[in-house]
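Engineer: With the sequences and hints as input, model every part of the structure.
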Amino acid sequence: MELNGAEILIQSLKDEGVEFIFGYPGGAVLHIYDALFQQNDIKHILVRHEQGATHAADGYARATGNPGVVLVTSGPGATNAVTGIATAYMDSIPMVVISGQVSMPVIGSDAFQEVDMVGITRPCVKHNYLVKDVTKLAETIKKAFYVATTGRPGPVVVDVPKDITAPHIKVPYKYPKKVSIRSYEPTVSADKGQLKKAIDLLTAAHRPIIYSGGGVVLGNASKELTELTHTLGFPITNTLMGLGAFPATDKQFIGMLGMHGTYEANMAMHESDLIIAIGARFDDRVTGKLDLFCPYAKIIHIDIDPASISKTVKVDIAIVSDVKPALEQMMELIKESDKKPSKKALEAWWKQIKEWKSINCLDYDRNSNLIKPQYVVEQLYQVTKGNAYITSDVGQHQMWAAQYYPFDKPRRWINSGGLGTMGFGLPAAIGVKLAFPDADVACITGEASVQMCIQELSTALQYKTPVKIINLNNRYMGMVRQWQEFTYESRYSHSYMDTIPEFVKLAEAYGHVGIRVEKPEDVRPALEEAFALKDRTVFLDFITDRTENVYPMIEAGKGHHDMKLRVALGTSTDRELA
Amino acid sequence: MKHIISILIENESGALSRVAGLFSARGYNIESLTVAATEDATLSRMTLVTRGSEDVIEQITKQLNKLIDVVKLIDLADTAHIERELMLVKVKTTEKTREEIKNVADIFRGKIIDVTPTSYIVEITGPSDKLDSFIAAIDAKNIVEVVRSGATGISRGEKGLHL
Ligand SMILES: Cc1cc2nc3c(=O)[nH]c(=O)nc-3n(C[C@H](O)[C@H](O)[C@H](O)COP(=O)(O)OP(=O)(O)OC[C@H]3O[C@@H](n4cnc5c(N)ncnc54)[C@H](O)[C@@H]3O)c2cc1C
Ligand SMILES: Cc1ncc(C[n+]2csc(CCOP(=O)(O)OP(=O)(O)O)c2C)c(N)n1
Ligand SMILES: [Mg+2]
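For the protein sequence lines, the chains are A and B, in the order given. Everything in the first sequence is counted per the working numbering, starting at 356 for the first residue and increasing by one. Everything in the second sequence is counted per the working numbering, starting at 3 for the first residue and increasing by one.
Bear in mind the hints are in silico, worked out from the structure with no lab data behind them. Keep in mind that this is a model prediction, so the values were computed, not measured. Don't take each hint at face value.
[What the hints assert, rightly or not] Short derived list, chain B residues pointing at chain A, Cβ under 10 Å:
1. I11
2. E12
3. S15
4. G16
5. S19
6. R20
7. G23
8. E60
9. K64
10. Q65
11. K68
12. I70
13. V73
14. K74
15. L165
Virtual Cβ for every residue (Gly too), placed ideally from N, Cα, C.
Structural biologist: In structure tokens, the structure reads:
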């Protein structure tokens, strides 16, 4: 079969099984768009800004586990995509981004809409390619998907000069079934010797804790993690990225850890004598001050990326492996082993944890006559029966979503953790809804974040992706304001806007339903109304208590045992209890 | 401590910038970097000299290995190895100093490869610290120009870096 470059590109994507392309046209990709026009298998989702394309593809990838695919033009189209590429990179999300480039003969001449996309994205991609030969195009696409989806996943950019896709240059097409790259061989299974050493530590521990993260979600190993946790009987905490990998309503789950983690999770980390880290990368939001991190613990670390191991925290036993086979192998060995964790020690440990838990660190004023953001999230949980896909933006609302919506399944909680990209939530929700049209999809956002990709409301209308936008409107960049309250004596420097749009009208202008909610008693009915409108995108503008803060909080330079807790019920405060 | 890291990398455009970019992005220092194709035209060999604590060097080698284009690498500090660097030094000469400079060059097994009425160019090969010593041995005010290739290295005996 002879095809031109544009056709090869589209046919390769088809052969790769791609369902959706999120994109935006322009000069350098016109040949490709022409080829797209002449086929019906792949659905192209026309976004309103290239950042939206990357976030939507990212949301699709996080919810399904399949790589997200993006198509943008050269120059500004490509640079607009960079934030979304970096977002995917930081959270290890598989994504293939095809960017148009100026024609080969003019590369380097400051041609119209030329940017060095390979150079610009180099530090925020797993890998990138510039295609210089049309006969290499299909193979390059195959490699891009292979690299993006294997090992520690990540975004891959394929930069395609316009002349490579020229209609009149046809070459034989064959999509490779497999590729191998001699310089890239991701580790798969674990070293048995290391696993045995790990099991010796696990069974000898008195105050053990499982600290698991996004790697379990990425590696589709929730089942294995749950089984192992149940077998061991240990307490388990998840990172922000790991939420849902272990059921949050399970008795052994003690909440998220880290900066805004629960008191019991952070105290348990601090006091533990053994930590088993599974697909988590000891991020600074998790560890707090490094020299105060887990002073009594030995550490076992399972991770597919050797560079994640002993990067910030030195570990005692490193297990480089894909998480699923590692946990399977571990279960086998535990079953065979005659060593068992001490029941008595575990009982005492659980007793201690329950004591920590009894302070109810997530309690808040339920009698306020203002809408508490936490209450909105709790009600959302009830209305959606805990079954929704929840995307979020970045800020206080993100933390409340993580704290008050217990996720029992992986891939339901979709947020930007590593880069912390405001603007992520809405386009991500659209990507999720396209993948799961029958599921409830809600975006928990703030009035500042949502404005960063608000234009995608238009995309939601065009492709009939009825998502529910839960805007926790505190008329502040709440997260910034909170830090200013705590560390800058409440000098609220530019953390609010004097003009906030009327979101109801805005939603209506985009052809959607807008509902403004000002009283606590209206929260539940409004949510029910919104979710009853099955085929409409609904923008719920909750006017919340603007002084509310996220607790607990580990402030900069502090250890896990040194958390700032809410003092009295109700008002925000900067006095310390603990 | 000084480490010489030897890298086999795909001979593709951009491969060098991936390595250089990694070092600048992560704040590692590069003392020198040399690169050229090998007997296999699809592979380049890069020699990188860096300094850092054991932890930093461990991260550097892991991060380098993580680059898709990197095929293999070794840290020569871990094995018996030979290190060589080439240096060209232009030295100001006068009737009086010629003899003395030539003597020093001889001691370091340097060669004088160019002579003008007022200058010599001395070529010296050896481990980097030998080149340092040569420079220290020449009166600084006579040195006009120093060009160093950066160190390259190879491990001794059976062990080595090849496909
Ligand atoms: C406002 C804000 C506040 C935050 N507060 C907190 C907080 O309080 N607590 C918190 O936890 N985070 C918080 N974060 C998120 C934080 O910045 C990090 O993104 C997060 O902690 C990283 O999660 P992780 O360790 O699970 O790693 P991820 O980024 O999910 O990385 C996954 C790890 O698993 C490995 N991996 C990937 N695939 C596999 C596989 N198949 N097998 C084995 N290993 C694999 C990877 O190599 C990597 O090391 C916050 C973010 C924001 C924006
Ligand atoms: C693109 C981007 N710019 C700036 C920031 C820094 N930042 C983090 S949270 C935040 C405020 C978010 O405000 P809002 O969306 O209203 O959420 P809230 O904290 O009020 O719930 C800002 C500015 C960011 N994370 N992303
Ligand atoms: Mg806000």
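Engineer: Which hint numbers does the structure go against, in order from smallest to largest?
Structural biologist: none
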